[in-house]
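Could you build all of it, start to finish, from the sequences and the hints given here?
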Amino acid sequence: MTFNIQIPSIDTIQNISVDEGSSVIIVGANGAGKTRLAAFIEESMGEKAHRIAAHRALTLNPSVSKISEKQARLALKTGFNNPRATLNHRQGQRWKDNAPVSLLNDFDFLLQTLFAEQTNTSLATHKKVRVGDYSDAVATKFEVLANTWQKLLPHRELHISGDDIEVSITDSETMYSATDMSDGERAVFYILGQVLVAEPNSILIFDEPELHIHKSIMSKLWDELEALRPDCAFLFITHDLDFASSRVADKYVISSYDPSPRWVIEQIPEDTGFDEKLVTLILGSRKPILFVEGNSKSLDFATYRSCYPDWTVIPRGSCEQVIHSVVTMRQNETLTRIRCSGLVDADDYSDDDITYLNSLGIQVIPVSEIENLFLLPSVSKAILELEGYSGVELTEKFDAFSSALFASAKDKQITDVVIRYCKRRIDRTLKKIDLSKASSVDTLDQALQEKVSALNIAAIADYKKTAIENAILENDLSVFLKHFDNKGLLAIAASNLKGCRLIDFEQWLLRALSKQNSGSLKTAIGEVLPDLDAN
Numbered sequence: 001m002t003f004n005i006q007i008p009s010i011d012t013i014q015n016i017s018v019d020e021g022s023s024v025i026i027v028g029a030n031g032a033g034k035t036r037l038a039a040f041i042e043e044s045m046g047e048k049a050h051r052i053a054a055h056r057a058l059t060l061n062p063s064v065s066k067i068s069e070k071q072a073r074l075a076l077k078t079g080f081n082n083p084r085a086t087l088n089h090r091q092g093q094r095w096k097d098n099a100p101v102s103l104l105n106d107f108d109f110l111l112q113t114l115f116a117e118q119t120n121t122s123l124a125t126h127k128k129v130r131v132g133d134y135s136d137a138v139a140t141k142f143e144v145l146a147n148t149w150q151k152l153l154p155h156r157e158l159h160i161s162g163d164d165i166e167v168s169i170t171d172s173e174t175m176y177s178a179t180d181m182s183d184g185e186r187a188v189f190y191i192l193g194q195v196l197v198a199e200p201n202s203i204l205i206f207d208e209p210e211l212h213i214h215k216s217i218m219s220k221l222w223d224e225l226e227a228l229r230p231d232c233a234f235l236f237i238t239h240d241l242d243f244a245s246s247r248v249a250d251k252y253v254i255s256s257y258d259p260s261p262r263w264v265i266e267q268i269p270e271d272t273g274f275d276e277k278l279v280t281l282i283l284g285s286r287k288p289i290l291f292v293e294g295n296s297k298s299l300d301f302a303t304y305r306s307c308y309p310d311w312t313v314i315p316r317g318s319c320e321q322v323i324h325s326v327v328t329m330r331q332n333e334t335l336t337r338i339r340c341s342g343l344v345d346a347d348d349y350s351d352d353d354i355t356y357l358n359s360l361g362i363q364v365i366p367v368s369e370i371e372n373l374f375l376l377p378s379v380s381k382a383i384l385e386l387e388g389y390s391g392v393e394l395t396e397k398f399d400a401f402s403s404a405l406f407a408s409a410k411d412k413q414i415t416d417v418v419i420r421y422c423k424r425r426i427d428r429t430l431k432k433i434d435l436s437k438a439s440s441v442d443t444l445d446q447a448l449q450e451k452v453s454a455l456n457i458a459a460i461a462d463y464k465k466t467a468i469e470n471a472i473l474e475n476d477l478s479v480f481l482k483h484f485d486n487k488g489l490l491a492i493a494a495s496n497l498k499g500c501r502l503i504d505f506e507q508w509l510l511r512a513l514s515k516q517n518s519g520s521l522k523t524a525i526g527e528v529l530p531d532l533d534a535n
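For the sequence shown, full-length UniProt numbering gives the first residue as 1, with consecutive numbering after it.
Treat the hints as calculated values from the structure; they're not laboratory data. Possibly wrong hints are sitting among the right ones.
[To be verified] No farther apart than 20 angstroms at their CA atoms in a straight line, the calculated lysine to aspartate or glutamate pairs in the EDC-like style are these:
no. : residue 1 : residue 2
1   : Lys151    : Asp183
2   : Lys515    : Asp310
3   : Lys431    : Asp411
4   : Lys487    : Asp416
5   : Lys48     : Glu226
6   : Lys410    : Glu469
7   : Lys70     : Glu270
8   : Lys432    : Asp351
Laid out in structure tokens, this is it:
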């Protein structure tokens with residue numbers, strides 16, 4: 001059986017098909033209209049749809065009153081515990097006439113369904129044995145639930161009787177009421193129960209399926225559930241990129257919503273040059289994309305996210321990965337509607353290199369590495385002002401800090417910087433060598449030798465050393481920080497600007513950058529960073 005879902009979009013209808021035994025995942029950021037879409041799909045799919053809301057009550061009451069299975073199933077589906085309940089009651093009773101935001105409170109109905117099914121299945125087995133039929137007993141839903149629950153949570157065991165549910169630590173005789181289970185244990189129980197009692201050939205809609213469930217068992221849980229109900233289709237609506245990328249399914253991204261209702265939704269394409277998780281993030285962003293160096297825990301990421309609030313900042317590790325990401329995205333037809341740019345450390349790029357990077361949509365920061373941003377005169381003075389310095393005292397404090405930075409550049413440190421610079425220049429030159437026209441070993445060797453011989457290592461080293469020494473001689477801190485890359489400089493800043501250890505200074509910077517209001521520090525950093533609109 002195939003479920004055909006039609007979602008109104010801008011000037012068109014987005015058609016999504018999902019077969020029984022298959023899954024579809026729809027990803028969207030907060031505010032993208034995910035829950036409203038889940039409610040819309042449930043309503044449009046009618047009798048065959050059963051939605052589990054993200055906003056759900058998980059109070060487990062084993063002593064719930066026992067009712068007939070037919071009545072319990074009807075109450076679970078409609079929210080109305082009445083023999084005359086129909087699907088027309090679902091909106092008013094189950095969702096309190098506010099499907100997108102109403103608290104789903106159906107755990108009692110779920111337990112009543114499971115208890116009633118257990119009674120009927122057990123009674124059927126009993127009657128078979130009484131007439132001499134000793135064929136295998138059919139497992140109750142509760143038995144399947146308990147077995148699966150214990151596979152996922154092997155440190156606990158469920159004990160289910162005809163009218164109660166208890167839990168014990170594995171290999172212990174001490175039991176406690178299921179009411180006292182943890183949020184995660186109850187969430188697994190609840191989801192297992194909902195899937196097991198769903199009507200045959202249903203489409204099950206789960207809003208935020210990852211809620212309350214530990215990542216370590218997430219994938220295994222849904223593997224088990226999809227295997228248990230091959231007659232059903234699963235539709236997951238989530239903002240969790242890890243969950244989305246962990247599942248084998250057709251995947252879509254919502255980027256915006258308006259109440260008409262309409263959603264901007266598109267399928268995640270293949271073969272973009274990016275991994276699926278990154279493509280999902282890009283397509284779901286309502287802001288332009290900024291690729292930067294570092295990782296999600298680095299100073300680069302915190303700084304750029306703070307100073308470029310109108311961009312979605314994505315760390316890519318090395319400068320080469322930033323360049324590759326910008327070029328790939330700008331050349332990819334499926335992603336061209338989204339603006340992107342890149343930022344890299346100066347890393348001793350030549351003027352020609354910077355011009356070339358700018359042509360690709362990549363800007364270069366004014367210092368050799370991100371840490372040096374905080375040492376620039378305007379930024380370090382902003383830090384001193386936050387520490388309470390002003391006037392002559394601030395000038396004296398800054399001059400002492402500047403002198404300490406210059407003094408740290410001993411001959412050995414300068415030599416190390418020069419060698420790193422030479423290695424980078426050699427590496428970049430070798431990567432640019434084009435040997436495609438060589439037609440023999442001899443011409444290949446000749447072409448390579450010509451390019452390599454053009455590298456004047458002594459001149460390259462002399463340029464770098466002279467630039468550093470002149471900056472020190474002229475007391476030009478900005479030029480010095482453009483050329484001198486040494487992680488130890490930030491420790492000098494910690495001691496001179498805030499009188500603390502390096503680790504405390506880094507943590508202070510992260511806190512200052514994370515603040516919502518635009519303080520003097522963020523303003524000072526923003527003024528020395530490139531204007532991305534220039535691209």
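Hint-by-hint comparison with the structure:
no., hint, verdict
1, Lys151 / Asp183, "holds (18 angstroms)"
2, Lys515 / Asp310, "holds (15 angstroms)"
3, Lys431 / Asp411, "violated (30 angstroms)"
4, Lys487 / Asp416, "holds (12 angstroms)"
5, Lys48 / Glu226, "holds (17 angstroms)"
6, Lys410 / Glu469, "holds (10 angstroms)"
7, Lys70 / Glu270, "violated (45 angstroms)"
8, Lys432 / Asp351, "holds (16 angstroms)"
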